[in-house]
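So the sequence lines, in the order shown, correspond to chains A and B. In terms of this note's numbering, the first sequence has 620 at position 370, counting the first letter as 1, and numbering is strictly consecutive. In terms of this note's numbering, the second sequence has 508 at position 258, counting the first letter as 1, and numbering is strictly consecutive.
Read the hints as simulated data drawn from the structure, not as lab findings. Predicted model, so just to flag it, every value in this text is computed and none were measured. Any given hint could turn out to be false.
[Said to hold, decoys possible] Straight-line C-alpha distance at most 30 Å; calculated DSS-like pairs for lysine-lysine: (1) 634(B) with 595(B); (2) 634(B) with 400(A); (3) 595(A) with 634(A); (4) 693(B) with 595(B); (5) 400(B) with 595(A); (6) 595(A) with 693(A).
[To be verified] Simulated coverage check for chain A against chain B, where a stretch passes if three residues somewhere in it have a Cβ under 8 Å from a Cβ of chain B: (7) 299-306; (8) 542-553; (9) 618-626; (10) 639-651; (11) 671-682.
No residue lacks a Cβ here, since even glycine has one placed at the ideal position from N, Cα and C.
Number of protein chains: 2
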Amino acid sequence: MNLANSALLTDLYQLTMLQTYHAERMQETAVFELFARRLPPEREFLLAAGLEQALDYLENLRFATEELDWLAGHGGFSPQFVASLEDFRFTGSVHALPEGTAFFANEPILRVVAPLPEAQLVESRLINLLHYQTLIASKAARCVLAAPGKLLVDFGMRRAHGAEAALFAARAAYLAGFAGSATVLAGMRFDIPVFGTMAHSLIQAHDREEDAFEHFAAAQPGNVVLLLDTYDTETAARKLVALAPHLRERGIQIRGVRIDSGDLAEHARRVRGILNAGDLAQVTILASGDLDEYRLRELLAAGAPIDGFGIGTRLDASTDAPTLDLVYKLQEYAGLPRRKRSEGKATWPGRKQIYRQRTANGALTGDCLGLEDMPRTGEPLLVKVMENGHRLAPSEPLDIIRDRVRMQLAALPPVLRAGRGEPPYPVEIAPELRELAARLDQKTH
Amino acid sequence: MNLANSALLTDLYQLTMLQTYHAERMQETAVFELFARRLPPEREFLLAAGLEQALDYLENLRFATEELDWLAGHGGFSPQFVASLEDFRFTGSVHALPEGTAFFANEPILRVVAPLPEAQLVESRLINLLHYQTLIASKAARCVLAAPGKLLVDFGMRRAHGAEAALFAARAAYLAGFAGSATVLAGMRFDIPVFGTMAHSLIQAHDREEDAFEHFAAAQPGNVVLLLDTYDTETAARKLVALAPHLRERGIQIRGVRIDSGDLAEHARRVRGILNAGDLAQVTILASGDLDEYRLRELLAAGAPIDGFGIGTRLDASTDAPTLDLVYKLQEYAGLPRRKRSEGKATWPGRKQIYRQRTANGALTGDCLGLEDMPRTGEPLLVKVMENGHRLAPSEPLDIIRDRVRMQLAALPPVLRAGRGEPPYPVEIAPELRELAARLDQKTH
Numbered sequence: 251m252n253l254a255n256s257a258l259l260t261d262l263y264q265l266t267m268l269q270t271y272h273a274e275r276m277q278e279t280a281v282f283e284l285f286a287r288r289l290p291p292e293r294e295f296l297l298a299a300g301l302e303q304a305l306d307y308l309e310n311l312r313f314a315t316e317e318l319d320w321l322a323g324h325g326g327f328s329p330q331f332v333a334s335l336e337d338f339r340f341t342g343s344v345h346a347l348p349e350g351t352a353f354f355a356n357e358p359i360l361r362v363v364a365p366l367p368e369a370q371l372v373e374s375r376l377i378n379l380l381h382y383q384t385l386i387a388s389k390a391a392r393c394v395l396a397a398p399g400k401l402l403v404d405f406g407m408r409r410a411h412g413a414e415a416a417l418f419a420a421r422a423a424y425l426a427g428f429a430g431s432a433t434v435l436a437g438m439r440f441d442i443p444v445f446g447t448m449a450h451s452l453i454q455a456h457d458r459e460e461d462a463f464e465h466f467a468a469a470q471p472g473n474v475v476l477l478l479d480t481y482d483t484e485t486a487a488r489k490l491v492a493l494a495p496h497l498r499e500r501g502i503q504i505r506g507v508r509i510d511s512g513d514l515a516e517h518a519r520r521v522r523g524i525l526n527a528g529d530l531a532q533v534t535i536l537a538s539g540d541l542d543e544y545r546l547r548e549l550l551a552a553g554a555p556i557d558g559f560g561i562g563t564r565l566d567a568s569t570d571a572p573t574l575d576l577v578y579k580l581q582e583y584a585g586l587p588r589r590k591r592s593e594g595k596a597t598w599p600g601r602k603q604i605y606r607q608r609t610a611n612g613a614l615t616g617d618c619l620g621l622e623d624m625p626r627t628g629e630p631l632l633v634k635v636m637e638n639g640h641r642l643a644p645s646e647p648l649d650i651i652r653d654r655v656r657m658q659l660a661a662l663p664p665v666l667r668a669g670r671g672e673p674p675y676p677v678e679i680a681p682e683l684r685e686l687a688a689r690l691d692q693k694t695h
Numbered sequence: 251m252n253l254a255n256s257a258l259l260t261d262l263y264q265l266t267m268l269q270t271y272h273a274e275r276m277q278e279t280a281v282f283e284l285f286a287r288r289l290p291p292e293r294e295f296l297l298a299a300g301l302e303q304a305l306d307y308l309e310n311l312r313f314a315t316e317e318l319d320w321l322a323g324h325g326g327f328s329p330q331f332v333a334s335l336e337d338f339r340f341t342g343s344v345h346a347l348p349e350g351t352a353f354f355a356n357e358p359i360l361r362v363v364a365p366l367p368e369a370q371l372v373e374s375r376l377i378n379l380l381h382y383q384t385l386i387a388s389k390a391a392r393c394v395l396a397a398p399g400k401l402l403v404d405f406g407m408r409r410a411h412g413a414e415a416a417l418f419a420a421r422a423a424y425l426a427g428f429a430g431s432a433t434v435l436a437g438m439r440f441d442i443p444v445f446g447t448m449a450h451s452l453i454q455a456h457d458r459e460e461d462a463f464e465h466f467a468a469a470q471p472g473n474v475v476l477l478l479d480t481y482d483t484e485t486a487a488r489k490l491v492a493l494a495p496h497l498r499e500r501g502i503q504i505r506g507v508r509i510d511s512g513d514l515a516e517h518a519r520r521v522r523g524i525l526n527a528g529d530l531a532q533v534t535i536l537a538s539g540d541l542d543e544y545r546l547r548e549l550l551a552a553g554a555p556i557d558g559f560g561i562g563t564r565l566d567a568s569t570d571a572p573t574l575d576l577v578y579k580l581q582e583y584a585g586l587p588r589r590k591r592s593e594g595k596a597t598w599p600g601r602k603q604i605y606r607q608r609t610a611n612g613a614l615t616g617d618c619l620g621l622e623d624m625p626r627t628g629e630p631l632l633v634k635v636m637e638n639g640h641r642l643a644p645s646e647p648l649d650i651i652r653d654r655v656r657m658q659l660a661a662l663p664p665v666l667r668a669g670r671g672e673p674p675y676p677v678e679i680a681p682e683l684r685e686l687a688a689r690l691d692q693k694t695h
């Protein structure tokens, strides 16, 4: 049984509702849309990500025998209902934003059209998959915007929330413009570049720091990046200057150094001076340690001579905004638009489309959230990606998505690129959508 | 290949260091300890969790053929080194805090003693496993302390960071004292109770709310919990009062209602009044929607008549403190204590033990962090759980861990139980440990 695609990777209430739909023969077509109710105050835009895994989930979803046995033994489900799940498949269609597309509050990034039980069961895992990669891609994009031209690497596996988060963070950061990840399995799975230097333990396991540098360089001649801050950063830089000629005689170049603690800007300046004076001007400086887009902006504003950054914990857990208010709501059932009216949580009904407006040179000027069957000015962003439970196109290569992100980020209004939220990106609600909502509100239930 | 136990689920630098250790034949015994450098300002104590999965990882760790092939093709690793990984096994010993034990800054929760390469490779995944469950168990314990006697259920799967996080959050919350989780697969995997009601979509898919209530109740006669806030909470409560006699005639009892939006305390009071007046005093009220320990305290302080809480996003992502500064550091190699001295990140060297002091009635009064071979007053907390790569005891049943947590929470100083951090829990550093650190600091490297 594959954990990632398990049919029981869902909330129990989906199954109790499916049992009701089964008893009442409620199998008509349902339309659900997945969107962010609002953006966190720390985000001016989001980047859609995770569609690849969401489609894989829908295509492969079925109940394993042991899952059906467990449900039968659970006590809450009738034998007839459990038997009906044996042939459960997702047979619906999906519209979605291509991965890497920028989006805003209330804009659907996914629409599922399927018989009600199918569209219902998949809610929990679809949100789970799209939420996390969207969260990380959006955070990573902020880092990319904060440090143009710098090498950025995901270092966050150890404090990502579990194995899947670590792998998906590597993928989402890469598609948002990171150079790669330290997580080896992400390299194997997604074919993204992996990066790695050394840890303090290698230095500590040697009696002399210079021996550790030399042994590491000899064992890794093609990738010599040395960690300077185990004891004293500048002393270590001087040891390296002394060591470099001996390594050069053996044909080994030092490629870079890493600084992981203290005042990174000040250490980088001093180390740069020591390296340059020691004929090591080509050696790059990497920094790490509690970094995020805010620290990157500070360090670069302070003129820190740092060439690359390892960004870990604060990326993989998106610590300043660790969740998004992403929801999946019924918008239509059996041909009729539906609207939830809960206080503070009301939704826009019907099958919607995002119409994006641009200037002649491609800069984004605003979106209109309208109905799919009443086109507005602008490019419609949601495209059909699945029909009858099958994908309509092969997986998008990550490099294509990276190119899309690059163009998206370049086209955003400068105030958003700079990480400021005022004025917010304009998203107009089409009048026909407002009218539909008002009409539904007059119905009693 | 099992994702959770993959040998490539690690940082690349572990493998570049292993290549160095291989080249230099550095195979002597290393001692690493895993601890929190500091607690987040929002936490007064942590609960150790995740040991079960950590031991499972260590016991089953090996390189799959496809992983070795990938490493061979990566370019950074010599054929001899890759060949040496074929027989890689973890053969070391492990000391650890039993799951559910409260701990504080600088106190090791795990100690690994193994040949250096083995102890090194496992760093990333050991932190990843222990970090997340410790994070969630600690957050869940705060909710338990905030709402004594209330039914608490994990509702967080959809915004947990991936599939593994969702499953581990359910486990960690349960061991910390939650009644169970909505995540079905967690119920199957960990044998913990699962809970579920209904979503707004079931109501919306019906033309009349009362029909939705009736159909759901008929299909789930043993578990009728109805969601009230799709349109208007109090109107829905009145519909339920009208419906109850008809259901009773069919032998169906309404067990509970759920409120998910608006002013939860005020709605709960009004709904309680409507239900009591309608002869439904036995129907319980559940609340959900952006809840955490702070909101629980507010709601209960306001006297809200709420019997149970579904706690989701803010639990599974521990949103007020989404990561812990958990690290894994070399403390001894080849028989000699080691110390990292990086600015702000210096560690206490040697094999340590936590000695916990209690009053006669079991209340905790303080810990002493000392050396294992120089016992101090108090109960030593770290116990040996693995030797020669094999567990010394079978998995601990979750109910045993729950009992331990209950006792731990009851024994904490009242100020910590109340969620206040002043005065902090006293952890004394033993003088012999300070002397050892000072002695190592005089060495040059």
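To see whether the hints hold, each was checked on the structure:
| no. | hint | verdict |
| --- | --- | --- |
| 1 | 634(B) with 595(B) | holds (27 Å) |
| 2 | 634(B) with 400(A) | violated (46 Å) |
| 3 | 595(A) with 634(A) | holds (27 Å) |
| 4 | 693(B) with 595(B) | holds (18 Å) |
| 5 | 400(B) with 595(A) | holds (26 Å) |
| 6 | 595(A) with 693(A) | holds (18 Å) |
| 7 | 299-306 | violated (count 0) |
| 8 | 542-553 | violated (count 0) |
| 9 | 618-626 | violated (count 0) |
| 10 | 639-651 | violated (count 0) |
| 11 | 671-682 | violated (count 0) |
The structure fails hints 2, 7, 8, 9, 10 and 11 (numbered hints given earlier, in ascending order).
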